[in-house]
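Engineer: Could you put the whole structure together from the sequences, leaning on the hints where they help?
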Amino acid sequence: RKEVEQDPGPFNVPEGATVAFNCTYSNSASQSFFWYRQDCRKEPKLLMSVYSSGNEDGRFTAQLNRASQYISLLIRDSKLSDSATYLCVVNTGYSTLTFGKGTMLLVSP
Amino acid sequence: EADIYQTPRYLVIGTGKKITLECSQTMGHDKMYWYQQDPGMELHLIHYSYGVNSTEKGDLSSESTVSRIRTEHFPLTLESARPSHTSQYLCASSEAPQGPNSPLHFGNGTRLTVT
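These protein sequence lines are chains L and X, in that order. The first sequence begins at 1 in this note's numbering and counts up by one. The second sequence begins at 1001 in this note's numbering and counts up by one.
What the hints contain is simulated information worked out from the structure, not anything from laboratory work. For glycine and all other residues, C-beta sits at the position ideal for the given N, C-alpha and C. Hints are not guaranteed to be accurate.
[Said to hold, decoys possible] Using C-beta positions, here's what the derived DEER-type ranges look like:
1. X/His1073 with L/Lys79: 35 to 45 Å
2. L/Arg41 with X/Pro1083: 19 to 29 Å
3. X/Val1052 with L/Pro14: 29 to 39 Å
Structural biologist: Structure (structure tokens):
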């Protein structure tokens, strides 16, 4: 089992749609969780950290379920500019983060 | 925006050449990392450093080496490049210790092609 697994995608949605991504992790001792966004041929950029109580940043909501070891990202009112690959990132050691393969989102007019 | 810089942005070289990929950050971060990413694939950690004179190998076996003589500088060297080294190399840094408030900041990457 991979340490971090994500929905394979791609997700094709129209503008204005709500879309949710799931991610599961294997290390029950993991403490740090993030969602990153990566545009085509660009470096990953932090979208948001994920906190135990769940957190929201504008149209983006992140949830953490420690019992089931999964993380989710909800995007409301999708924009064309949201088209990107979304990476689930989990710490799997003292100093290192493990990246999921990513889920590609394509938002169409 | 994060202040972490990588050079060169693109590099095409022949097999057998020695190359060094540069990475510098101006944020005073102790931790620095090198990731390798093939198109459409996940990032794999190849080296990291806790601070000056500290280097560790990552999860992915790599024939590259790194050094950390100064806090701000973390170069990666390939002694003899091969076509299998063709990939994108991403440098990152973070504050210590790792936690919810200390994510990675990435440079814009070096896209290496070995012919």
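Engineer: Just to be sure I understand the hint, the distance between the Cβ atoms of L/Arg41 and X/Pro1083 should be within 19 to 29 Å; is that true here?
Structural biologist: 20 Å, holds
Engineer: Falls inside 35 to 45 Å, the C-beta gap from X/His1073 to L/Lys79?
Structural biologist: Since the Cβ atoms of X/His1073 and L/Lys79 sit about 38 Å apart, the hinted range of 35 to 45 Å holds.
Engineer: Look at the Cβ atoms of X/Val1052 and L/Pro14 and judge whether their distance stays inside 29 to 39 Å.
Structural biologist: About 51 Å separates the Cβ atoms of X/Val1052 and L/Pro14, which means 29 to 39 Å is violated.
Of the hints listed earlier, the one the structure fails to meet is number 3.
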